[in-house]
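Chain B: place on chain A using the hints.
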Amino acid sequence: MRTLLAIAGFELRARVRRLSTWVYFAVFFALAVLWTAAAGGAFANASVSYGSEKVWINAPMALMATVGVLAVMALPVISSMLGRAVQQDFEYRTESAFFSSPITKGQYLGGRLLAALASIVVVLASIALGVAFGVQMPFVQADRVGAVGLLPYLWPYLVIVLPNLLVLGAIFFSLGALTRRMLPVYITSAVLLVGYILGTSLAEDHETRTLASLLDPFGVTAVQHLTKYWPVAERNTRLVPLAGELLLNRALWTGLALLVLGLCYRRFTFTHAGGARAANAKDASTAPSAPAAASSDGRWKQAAEAGPRWLAALGALTWLQFRETVKNVYFGVIVLTGVLFVAATSFSLDDLYGTSTYPVTYKMLDLVGGQFGIFVLILITFYSGELVWRERDAHVDQLHDAMPVPTGLLFGSKLAALLLVPVVMQVVVMVTGMILQVLKGYTHVEPGLYLRHLFGIQLLHYWGLCALAFVVQVLVNHKYLGHFVMVLYFIAMTFAEALGFEHRLLHPFQAERVVYSDMNGYGHLLPKVRWLQLTWGAAALGLLTLARLFWQRGTVVGWRSRLVVARSRLTRPVLAAATLALLAGSASAAYVYYNTNVLNRYVPNHRQEDDRAAYEKAYRARLLALPLAKVTAVEVHVDLFPSTQRVHAKGTFTLTNKTAQPLSELWVNHADPELVPTSELALDRPAEVIVDDARFGLRGYRLQAPLAPGAQLRLAFDVTAQARGFRNGAPATEVVHNGSFINSAQLLPRFGYREELELVSDNARKEHGLPHKDRMRARTDPSGLARSYLSGDSDWITFEAVVSTEPDQLAIAPGYLQREWREGDRRYFHYKMDSPILNFYAFLSARYQVLRDRWNDVAIEIYYHPGHAYNLPRMIASTKDSLAYFTKAFGPYQHRQFRILEFPRYAQFAQSFPNTIPYSEAIGFLARVDDQDDQDLDYPYYVTSHELAHQWWAHQVIGANVQGATVLSETLSQYSALMVMKHKYGDAKMKRFLRYELDRYLLGRSREQKREVPLARVENQPYIHYAKGSLVMYALQDYLGEERVNAAIKAFRDQAAYQGPPYPTTLELVAQLRAAAPPELRPLVEDLFEQMVFYESRALSASARALPGGRYEVTLRVKAKKVRADELGAETEVALDDPIEIGVMGADGPLYLEKRRVPAGESEVKVEVHGRPVTAGIDPLNKLIDRTPGDNTIGVEL
Amino acid sequence: MLTVRNLSKTYPNGTQALRGVSLDIPRGLFGLLGPNGAGKSTLMRTLATLQDADTGEAKLGGGGASGAGDLDVLRDRAAVRRTLGYLPQDFGVYPKVSALDMLDHFARLKGFSARAQRKEVVESLLRQVNLWEVRGKALGGFSGGMRQRFGIAQALLGQPRLIIVDEPTAGLDPEERVRFHNLLAEIGEQVVVILSTHIVQDVSELCNAMAIINRGEVLLHGVPSELLTRLAGKVWRKTVARGEVEAAKQEHAVLSTRLSGGQTVLHVYAAARPGDGFDAVEPALEDLYFAAIHGHLKMEAA
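Line by line, the protein sequences give chains A and B. 4 is the number of the first residue of the first sequence in the working numbering; add one for each residue after it. 223 is the number of the first residue of the second sequence in the working numbering; add one for each residue after it.
In case anyone wonders, no lab produced these hints; they're calculated from the structure. Bear in mind that the values here come from a model prediction, so they are computed numbers and not experimental data. Heads up, none of these hints are tricks.
A short list of chain A residues far from chain B (calculated; beta carbon distances all over 10 Å):
hint, residue
1, 426
2, 651
3, 1157
Where chain B lies over chain A, by a calculated footprint (3+ residues, C-beta under 8 Å):
hint, region
4, 316-324
5, 397-404
6, 407-419
7, 552-565
Here a beta-carbon is modelled for each residue, glycine too, at the ideal position from N, C-alpha and C.
Chain A with its partners taken away, still in its complex shape (with noise of 0.2 Å):
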């Protein structure tokens, strides 16, 4: 042991004092400093967060993700120092003296690992100094750091970094060992970090979670699945116990570790390196010398002087160090590593509700395009590696440069090699992804598609990056910080855009995301990406040129050598070159900044802030209050040049005074600025302008004469919206190719203040100088309830619209068709709608084919993309199931059509304007159900179904702009849909229906920003509206019965229809549904409406005793427990009193099924059943929301 420590303190001493062992402690230190700073507010235009702003900067799960996700970015340094830990002695051959010596071979390797880890203890221990260091920076906001004490920043050491070293550590020390080599070491790390991405990916569906949190090395999934549920409050205050999937992660792996170690010793051998080999070859100098042949023949002279050709030679060198580069073993592990990921990551391709997609081409392209790409960058920063020090380690170095080869010729060569790299990989990924297309049964396989996009654009961009890896490794000159400079180039891309650098331009190489759409194809997308590249090219070039003239060729030591070389090489037509890419790289910038910043408004995200602050003081006060007219009539004619992208509306506004004063004043917004930068407005009467801001697009009028209450005035406006060159954030995608969709709100004027456009965030309203905000009113505000959540500037309107498009498509407003005509080579369409509706539509124009049906007198329509039928049944059934059950159920259908519409998936939802449904894309149309699968959810029948009963909830009744105003929308259409669904698939699919919503959900009010409130007085959070809305109204048709329920919300339909102001709130719906409940489930309806409740149910035991006539007596013990959340998640226990579902199941469905009351705490109940019982428990089907729901039940001991 005394030796083996001797081994260890000597390594140690000599790792510490190397400079790399305190650049490493540096780096990580600097990074959690800079993050800590940033998630602590300290960059104005940083935007950084722990999934909530409100979990504090040092709170347990922040230190958790801080420590945990920079460990995992330490891997290089990790798997360098541990790798290199026995490895070194066969690169510096200092082998033999340590194998001579008296010491066991347990001696040695123990040491050797003990001094690697605890030397890259020592560094990463930087992180957790790093976060304590950052948090008392004074630019820190003090409400954003927790007062927590030792243990939660040693935490994360014990259950992650620790854990994780010795699992890393065993591996990569091990391979470094056992192969005396550094490559298998890297690569290892590479495939490590794939199970590490496999596993973040597999994590987004529920179903996963748990194989991900195993197969995650890293142990991070683990956490996160442990602590997916954990609101707020708990985040702040509870440490990650180690159990549950941590502790199997940690134990599979550390068993797994130790088993490699094990190995490791077994096979571990004190020989020298060559030496066992060298005895095999027969040396052939024994035989006679035969005679020399003349060497001084006159043809080699010839050879040399002739003038070789060079180009060839720089193929066949290109080959031969690419050979070198693909030929073992090692390479053939990163292309199965590929494969494998892209066949495992297609298995759950793009699921929702567990349900998979049609393989089509850009799906399986997505799937290399993001994640992939780190596995990519990491194969290149290693073989720029390899390749540029190839000669160097083999010690052929010296032979190699004094050949008469012109320094260029290595240099190309090597970079051709590195640039064949990611083409290898590439094809690999479209012949995996082709065959697995076809093997899913799609076979529509396009080959085009795959080489434009894997080819023709990503594969350019891996070339740049191959370019700036091979720079770095020559300027660098030292193979292991030379990777460690492209790990803090990846770092500092990875984070960028958090810490407020936004610019493409301050991405260098980085690659700009491309959506390809069925519908538009890569469309208007592809110049942005192409000026990017070239702007990328031309420096790429550039600095390869720079980096030809610093090429290490012979034995030059020193950066002033260097220089000297440098300069000697830098020749007129080098600096040419490099002038020349500076030139066009510089001006390809600047047409990229043309588009940017010129063309387009750029606006940093921070400067959006400072906006909307500025817009709040500036106009408040001023106009909040101010009596309006409100929009009563709308006449638009909307001219759509897709091919151009421009979209001309001109129309006009009738606007009534519905207020009992005369109102002097008018005040006009322009539609969103960026997308319509000027609009003409003209008023039918004289008015003056009194303010015209042109920075908020507002301009106020002073009417001559005021508008007497119950007169009109009319507003013509003329309006153009044409996209220009290229923006530098998320490109515009309404007016398209084919497939545009842009609603009134985007392009056509508003009136009044508009409140939206207020800061919401309660440190960005802080840091602005804002007053504390709530999100919404109190339902009781009558501010709040003069105005539906949707519109301000309106109640409900008269619509007519003419909307015109290009000859080959057809062009959709709400309303019906009157007529449609050509003139010119413009196709028009005159749309008129004869019921109120509110001031919102929407305008689409595509190719698009056909598919007409009816239900009753109501005409069904879908537009869609050719190609694209696979679901169009299961939408026309939604829609007359669902027309028969909302008619029955909630009162007449306002309209006579419905249709929907597909666009491109540059957004992914549906939406609900009046009788018409944009419908994605990427939802629905390419869902690939199995009506055979009762694993699988029909949610294109889902969504149309969904979306349909919007005309119900939200066109017939709009709530008012205040707290809970979107369970009057969205809860009522998910309940809707839902029980349209249960009607046609059964209780057991909404059980795993409902698992979804209950993830959601938990999973939304982990993140909350600000506070969670009850159902009742949802603030527009999707997490509850749709997700707890779900399961709330559910539990309740479930406690209440269907009919009972749906009584009850017909009554409120009937009292709300149509109505405002003051429009209806979620009183008046609770109100029903309390008066329609028994009194004994009031309460059940309170806490299920108006507090936030949580049920801790759990199966202990079940058992059963046969008795005769096929009948058994089941004794189960469960425990129940309720609990009340505060509006951080903090919880108390409360009394237990609401009847809780007991059920017994059978093979073939429940034996056994109804509400009991059930004590808090333990208890046992006994149920006679007839059949034998498989599973028993409590609340089984899930109905009453559980942060574990998977304990609900257990087997049946018979």
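Chain B alone, transformed into the frame defined by chain A:
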């Protein structure tokens, strides 16, 4: 003919590796003798275009009269490399590549573009260095001697006018060394071959010209037989017991000590017989070497 003038080199860490080295190296084998760290390898690498000198120059004669076709070794590197063969002191090989493939690769780097021609050259060289039988074997399995012969084969590619071999016989067994010497002798008939070594025997057996350098300076420079005449009558031998060696070293300018049958044989430098028991000996190259590095002989004004 290679002319070196005033070559100096100081490394960034302050080591003065070369201090004003001037040499005239004729066609044939030229021996560069010196102890470890004398600056031999620095000089070799500099002449092999792998390193810069701080000052000085080196010219490789083109054989033409009045310097026509001369190459500036320090500047005209590309041209020098076309006519250079270099065998470094410490070189590696790709362990899994065969001798044939590796030499073929080097031939390509030398500028043999045509496959047929390259094949011919490679075959002829592998035969010349006696590796033809093992051409398909991986280089990783080669013995030290085979590896050195492979090294010389690659150095001979392209019929170089200047061949530089750095410590080629270190670590070779006697038989291999003889074989290697034969190879060098054969080559040395046509071109300039610089052989750096710390083994005196290499030089005495092979070279028609030589230089001795130490601490970056040229101590002696010329034809071995002529240089040896300067020691004539000045080297004396005495056999003493091992315990007396230290005393003798105090008293005399001891050139070398060698054990022989349990006793120590001293070679001492002195203008006249230094005392009793000293016998005059015919000076050998080894005596010259030690006399030079111990500072007993100074260069005559060149």
